[in-house]
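J.: Chain by chain, the residues:
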Amino acid sequence: MTASDNPQAIDRSRQAFLSRSTLLTSVVLIVGMLGVLVLNALPDGNPLHVSSATVALLGKYFTYMLLALAVDLIWGYLGILSLGHGAFFALGGYAMGLYLNAQTSPLPGWQAVMTYFPVAALAIVLAPGLLALVFGWLAFRSRVTGVYFSIITQALTFALMLVFNRNEMGMGGSTGLTRFYELLGFSLSSEGMTVALFIASGVAVLLAFWLCRAIVVSRLGRVSMATRDAEARVRFIGYRVDHVKLALFVVSAMIAGIAGALYVPQVGIINPSTFAPLFSIEVVVWVALGGRATLYGALLGALVVNYLKTVLTGAVPDAWLFLLGGLFVLVTMALPQGIAGLLARRRGRQEASA
Amino acid sequence: MNPIASGRLERLREFARPDRVFDFMAPAQSPVDVSHGPILYLEDVSVSFDGFQAINRLNLTIDDGELRCIIGPNGAGKTTMMDIITGKTRPDTGQVWFGSRHNLLTLDEPQIANLGIGRKFQKPTVFEALDVTENLELAMAGDRRIWKTLLARLDHEGQARIDEVLETTGLSAQRHRLAGVLSHGQKQWLEIGMLLMQRPRLLLVDEPVAGMTEPEMHRTADLLTRLAGQQSVVVVEHDMGFVRSIARQVTVLHQGSVLAEGTMDEVAGDPRVIEVYLGGDEEAA
Chain A
1 MTASDNPQAI DRSRQAFLSR STLLTSVVLI VGMLGVLVLN ALPDGNPLHV SSATVALLGK
61 YFTYMLLALA VDLIWGYLGI LSLGHGAFFA LGGYAMGLYL NAQTSPLPGW QAVMTYFPVA
121 ALAIVLAPGL LALVFGWLAF RSRVTGVYFS IITQALTFAL MLVFNRNEMG MGGSTGLTRF
181 YELLGFSLSS EGMTVALFIA SGVAVLLAFW LCRAIVVSRL GRVSMATRDA EARVRFIGYR
241 VDHVKLALFV VSAMIAGIAG ALYVPQVGII NPSTFAPLFS IEVVVWVALG GRATLYGALL
301 GALVVNYLKT VLTGAVPDAW LFLLGGLFVL VTMALPQGIA GLLARRRGRQ EASA
Chain Y
1 MNPIASGRLE RLREFARPDR VFDFMAPAQS PVDVSHGPIL YLEDVSVSFD GFQAINRLNL
61 TIDDGELRCI IGPNGAGKTT MMDIITGKTR PDTGQVWFGS RHNLLTLDEP QIANLGIGRK
121 FQKPTVFEAL DVTENLELAM AGDRRIWKTL LARLDHEGQA RIDEVLETTG LSAQRHRLAG
181 VLSHGQKQWL EIGMLLMQRP RLLLVDEPVA GMTEPEMHRT ADLLTRLAGQ QSVVVVEHDM
241 GFVRSIARQV TVLHQGSVLA EGTMDEVAGD PRVIEVYLGG DEEAA
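For the record, the sequence lines run as chains A and Y. Residue numbers 1 to 354, in the numbering used here, belong to the letters of the first sequence in order. Residue numbers 1 to 285, in the numbering used here, belong to the letters of the second sequence in order.
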């Protein structure tokens, strides 16, 4: 029996790691990445040549996709709406920023440990991870849920923005960290580095996508969806809901931290504006637009919205925020499942008519 | 090697055995001890919300394997009592024991659930985005820790257990349907099935036949009677016809305490019960 001859029969593939959409997404990611690399290698005069600036831009989109994945893991599958995920992204970014700064001039005090890449790499995942652990432990243990949780995540990222704005923090104050020249001994301004960061970001997206997929199809993933839909029931069948939430929240924060660390060398700066509540809300809009609770939807949403942003802030800079808001309203009203929902519906119709 | 050193080595090996967790990390669970009497024991339990006395010096004992019906008018404290037993609400005073070993007032909901107390809500609560089999799989007794849950696979034994429960609840034909598309009655049975997967010692069932049709009600009565004996079952219900069809022992709650206890006929003949509850609409009682 297939899904098409019985609409109520469920798609068993959603329990298998390699579903149709997972396979398709992986293939599109890999082929897209290789394609860009090939086109970039073409000589300058060739009409199909993709410039290094475009490669850098796509690399930046990859880090946004990674961040969207992190948000979707907890919002789509666990029902926790974090409006402060930019904080974890920024922490990962600052860890990377300190490391990059240390390559040119020695850092004062404790920051000197960030000179070493392994330490910095650890800090990139541990700083956001620890913050999420402490914050999540306090929130989930007290059963802070729904909109209240969203509000305190906003407060968290706002508070961190204020703290990082202070010069005494030694994080560059409102200017943030900039003047990056070298990463792992290679010049950041070289074309090779642009390509390497693009590849690293793409591979990170792919790995994080597979990790999230593995979590989502596991029994833990089903427990988390059950928690999203009927938290009390989950508790009464004996699962520790607070532990489930904490585990996924920490994983999500770590993914966001890695995204931030890959973002910083590609844009060349990290400053407190990344902690701004507005940025975190934008991330949620990406996921909502792409389609909540479908991992590929989150990736798609981040890519589409950021591409639009690049194009439209160039063409009509003043109208961008209105367009983003309008898009969000439109999707919420017309496509509650996002772009992914639209794709799934179209596919269902095709199969029904076939 | 000298004996002291080898003794130490032995202890170290014992400590680091890969096939089990460290003793201090193992969940402190022990089987329910019913050798000294009832499986559930509530003594002098009181709780009030903002001055409203929801439960007032309630005493109740449930024997192992018993099927008990609890009736009472709205606001008699039936659901609050279930909240107290399952750890959702803490009483102001009193004691609640599960067997003679487990003081339920020191445990939280997941701990109580893992000890073997299952609860069915008044409104059927199943995981609508998951299918029937997945609902049962999640409820299956087993290791609930994060890492184990992440790596858990459904084995043959578990599959057999699911098939058995699907059979018992009559949901075999629905096994691959999403729980969200089931009928009201089927959701109720699925929820009872989920309780069975937990292998509970004590089942608390809140209004299982609310909103059911007559034939569905008969099937539910049949299901619950079959469960008693293997498990202790406490049913809270409004429907007197249904209570009469399954009850051996009936407890009447009124204003947060026990008004009467006995067989359905004894209780129904009690003038106090007739006054507060059965009143006019149960003239034949």
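Note that these hints are calculated values from the structure, not bench results. Ideal Cβ positions, reconstructed from N, Cα and C, are used throughout, including at glycine. Please note that a few of the clues may not be correct.
No farther apart than 25 Å at their CA atoms in a straight line, the calculated lysine to any residue pairs in the SDA-like style are these [stated by the list, open to error]:
id : chain 1 : residue 1 : chain 2 : residue 2
1  : Y       : 148       : A       : 29
2  : Y       : 148       : A       : 214
3  : Y       : 148       : A       : 217
4  : Y       : 148       : A       : 277
5  : A       : 309       : A       : 277
6  : A       : 60        : A       : 126
7  : Y       : 123       : A       : 143
8  : A       : 60        : A       : 29
9  : Y       : 123       : A       : 217
10 : Y       : 187       : A       : 228
11 : Y       : 148       : Y       : 161
12 : Y       : 187       : A       : 217
13 : Y       : 148       : A       : 60
14 : Y       : 88        : A       : 29
15 : Y       : 123       : A       : 60
16 : Y       : 148       : A       : 147
17 : Y       : 148       : A       : 230
18 : Y       : 123       : A       : 147
19 : Y       : 88        : A       : 145
Just a few of them, taken from the derived set where beta-carbon distance is under 10 Å, the chain A residues facing chain Y [stated by the list, open to error]:
id : residue
20 : 214
21 : 222
22 : 233
23 : 234
24 : 243
J.: All the hints need checking, so say for each whether the structure fits it.
T.: How the hints compare with the structure:
1. Y/148 / A/29: With a Cα-Cα distance of about 31 Å, the restraint between residue 148 of chain Y and residue 29 of chain A is violated, given a limit of 25 Å.
2. Y/148 / A/214: The given pair, whose Cα atoms are some 14 Å apart, holds under the 25 Å limit.
3. Y/148 / A/217: It holds: about 14 Å lies between the C-alpha atoms, which stays within 25 Å.
4. Y/148 / A/277: Not satisfied, since the Cα-Cα distance of roughly 36 Å exceeds 25 Å.
5. A/309 / A/277: Distance of about 18 Å is within 25 Å: holds.
6. A/60 / A/126: holds (22 Å)
7. Y/123 / A/143: The hint holds at about 22 Å.
8. A/60 / A/29: holds (15 Å)
9. Y/123 / A/217: Violated, at roughly 28 Å.
10. Y/187 / A/228: holds (18 Å)
11. Y/148 / Y/161: holds (19 Å)
12. Y/187 / A/217: Roughly 24 Å separates the two Cα atoms, so the pair holds.
13. Y/148 / A/60: Status violated; Cα separation ~36 Å.
14. Y/88 / A/29: violated (47 Å)
15. Y/123 / A/60: violated (48 Å)
16. Y/148 / A/147: violated (31 Å)
17. Y/148 / A/230: Answer holds: residue 148 of chain Y to residue 230 of chain A is near 22 Å, not above 25 Å.
18. Y/123 / A/147: Given that 25 Å is the threshold and the Cα spacing comes to 24 Å, the pair holds.
19. Y/88 / A/145: Given that 25 Å is the threshold and the Cα spacing comes to 16 Å, the pair holds.
20. 214: Check passed: Cβ of residue 214 of chain A comes within 9 Å of chain Y, closer than 10 Å.
21. 222: This hint holds: residue 222 of chain A lies near chain Y, its Cβ roughly 6 Å from the closest one there, short of 10 Å.
22. 233: holds (5 Å)
23. 234: Hint holds; residue 234 of chain A Cβ to chain Y Cβ min 8 Å, cut 10 Å.
24. 243: At about 6 Å, which falls below the 10 Å cut-off, the nearest Cβ of chain Y leaves the hint on residue 243 of chain A intact, so it holds.
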